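**Student:** Below, each chain spelled out in residue letters.
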Amino acid sequence: MRRIPLAALLGLIFTGAYFAAALFAPLIAPYGMAEVVGDSWEPSSASHWLGTDSIGRDLLSRMIWGGRTTIFVAVCATLLSFGLGSTLGFFAAVKGGWVDQVLSRTVDLMMSIPSLISALVVLSVMPVTLPVLILVMGILDSTRVYRLARAVAVDIAVMDYVEAARLRGEKQAWIIFREILPNALSPLVAEMGLRFIFAVLFISTLSFLGLGVQPPMADWGGIVKENKEGIVYGIPAALIPAFAIASLAISVNLVADWVLNRTSSLKGGRGA
Amino acid sequence: MPETSAPKSVSDSFLDIRNLVIEATSYPPGEPPKDVTLVHGVSLKLEKGKVLGLIGESGAGKSTIGLSSMAYGRGGVRITGGEVFVNGRDIMKIGAGGLRALRGKEVTYVAQSAAAAFNPARPLMEQVIETTLMGGMSRSEAEARAVDLFRQLGLPNPETIGQRFPHQVSGGQLQRVMTAMALCPKPDLVVFDEPTTALDVTTQIDVLAAIKRAIHETGVAALYITHDLAVVAQVSDHIMVLRHGRMVEYGTCAQVIETPHEAYTQALVSVRSIDHTEKAPGADPVLTVQGVTARYKGTHFDVLKNVNVDLPAGQTLAVVGESGSGKSTLARVITGLLPAAQGQITFAGRRLSADLAGRSRDDLRELQMIYQMADVAMNPRQTVETIIGRPLEFYFGLKGEAKRKRVQELLDQIEMGRGFADRYPAELSGGQKQRVCIARALAAKPRLIICDEVTSALDPLVADGILKLLLDLQAQQGVAYLFITHDLATVRAIADRIAVMYKGEVRRYGPKSDVLAPPFDDYTDLLLSSVPEMRLGWLEEVLAHRRMAAAGN
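For the record, the sequence lines run as chains S and V.
FYI, the working numbering numbers position 177 of the first sequence as 177, with every residue one higher than the one before it.
FYI, the working numbering numbers position 252 of the second sequence as 252, with every residue one higher than the one before it.
Chain S with its partners taken away, still in its complex shape (with noise of 0.2 Å):
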């Protein structure tokens, strides 16, 4: 009963193996992230796998830096969002009343406008490092989160086992964490996996427009940009990560649909 189903096995061998070379850029990269080692777009080689980029980087060594760089403010960000937001959801449908107004209508208006556009105008104004990236982004993705969050802890909220907890004189912590919350469990993780993905492409797109990652660091987004003219000279280097993005964004929902199924057992595990 143990037994991995292969497109969860597929999943988790990609994911580890995009997350490895991010924990290990320093010892896998086989140059320095922002090292000149040749001409540019050179095609590969042995000695430059997947070719160099625009000013002569070894390509293969800034995809890895960058997947450092892309996973890291995407993991950040994606549990800075789920932390935030399903808390004050929880609350929001806990509490009722004033507070479930002022937070809901407060999200609403933060949803009203674009997070794209949202992002840009607070990006520009405010310096762009790593922290402030990875706070821009978590709090406009919190809204999502809270959403769902909110949705599903209503229905939960009214159920019996929720009223006799309150009658036992519970705390809200208890009641949202220990009541609520492994019941939630199940819709949250299944949007885990996508808004992680969301966080790759929007942090790869604020780097691409040059509001995100600054040069000289790399990242996805901003490897596309750097190579982006190399296209019209038919060089794909731009296209690389492109693959890269697409490829984690698979195995990661593969992944969490797997972590779905086993989470949606009511008992334990241990079969129907």
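Simulated from the structure, these hints should not be mistaken for laboratory data.
Just so you know, these numbers come straight off a predicted model, no measurement behind them.
Warning: the hint list may mix true and false statements.
[Stated by the list, open to error] A partial selection of chain V residues facing chain S, derived with a Cβ cut-off under 7 Å:
(1) Val376
(2) Ala377
(3) Asn379
Backbone N, C-alpha and C fix where the C-beta goes; we use that ideal spot for every residue, glycine too.
Guided by the hints, dock chain V onto chain S, whose structure is given.
**Tutor:** Same frame as chain S, now just chain V:
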């Protein structure tokens, strides 16, 4: 019966099921799917104009057998063996086209929950005559027949009720409209699947009488499926008792009710035989409710009107009434979930604050509650040990080994024993779930437990076990119960005092012997006389003698 009645020619028994075997596939994760047999070779025969009652607990296979008369298996259930003859032909062999001609024309079906079975977006008449029109009758003819049936079934305004939508009629009326729908295409057989189970007792009796009359006037054959032997005794000619997909006993109605042969049938017949002698009202009241009036936010009428009751320590106060009478609201007011607008509640000598936030931890601990639906009263993600252990940890600070030991003690008290502590609620049966809820309430060492319809979702034999357990626990620990129910048989079994509620008021209140002794007011009389009794001819007797109509009629 097939053994006793010599095999006749097919024509005179309209429905003839022979050695029916029904299987389903279950898919335990991680294990290979396996086939489970639900019905093991059941045979039955039904003649035209006769009513056969199928009776058994949940999981006995009664609905599955009923639906096989339409060659239908619900939820992936497969009919794998045996033959089903309807009007002389084996319907297992007539193919999809033949089944379409059969279903809704020769055989029709009345579901348990009419509210869930009607399309809320279309008027009743459209739905009642839908299959009749497909059968080739003209619209005006079909409507005339439907109106005729509405009248036969005793529905108010038979000419115009068809224009209403499902939410515009009461539950009892909707169930009768559904019966009209089933009878409209002039079927030869109607399958009634627990048609009155979801109704109040006072409404059930009207629906039951209407169904019985309609069956006799139209002369159809019927399969009547229920778990309530007293109900089936009123309408059927023959009764078949089922258990675990096998026939236990078959006979005429009188024989099964009066002289049951099998031990299991005897247990079903003698259910609710708990003897409970009323305790003297001398003891100090643990709970006093004085002049309580309450209404829900945003409404303009009182759900409770000047309610006065009290409950002596270690005794049981039963609050009875039909749905909407305010009995569950009374529980919400006492627990503080709905603060009372007026009046006061005294508990163990202390005056309770109206709202939950103002109550001390001891107030909360000593007043526990058990719910109707044990499924949703326990967090499905917590093990039994967490569920029972949390009040121990929360109120008494028990941890680790001490907590585990106490949880096991409580499990022993509710007669569940070892091996349950690390199970999840989904791994327990209905009766076990309710027992765990009782243990959770007991863990707090309460003085009073509010029991909100705790047995109404359970099979009769299981419910009986729960009531006996509650009485034993009361004898041992002196805990008082406020018992909310609409089932007067339960009340007779366990109450010391009774409050009869009607439209938010207490109509009759006092010791059990006084409340259940004549002279009655009209409402109490209606309520008492509506409890089905397990004897033939009871239904006609009651209808002839009662003094007021049910509110839901």
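**Student:** Taking the hints in turn, state whether each one holds.
**Tutor:** Hint check results:
{"no.": "1", "hint": "Val376", "in the structure": "holds, 5 Å"}
{"no.": "2", "hint": "Ala377", "in the structure": "holds, 4 Å"}
{"no.": "3", "hint": "Asn379", "in the structure": "holds, 5 Å"}
When each numbered hint is compared with the structure, no violation occurs for any of them.
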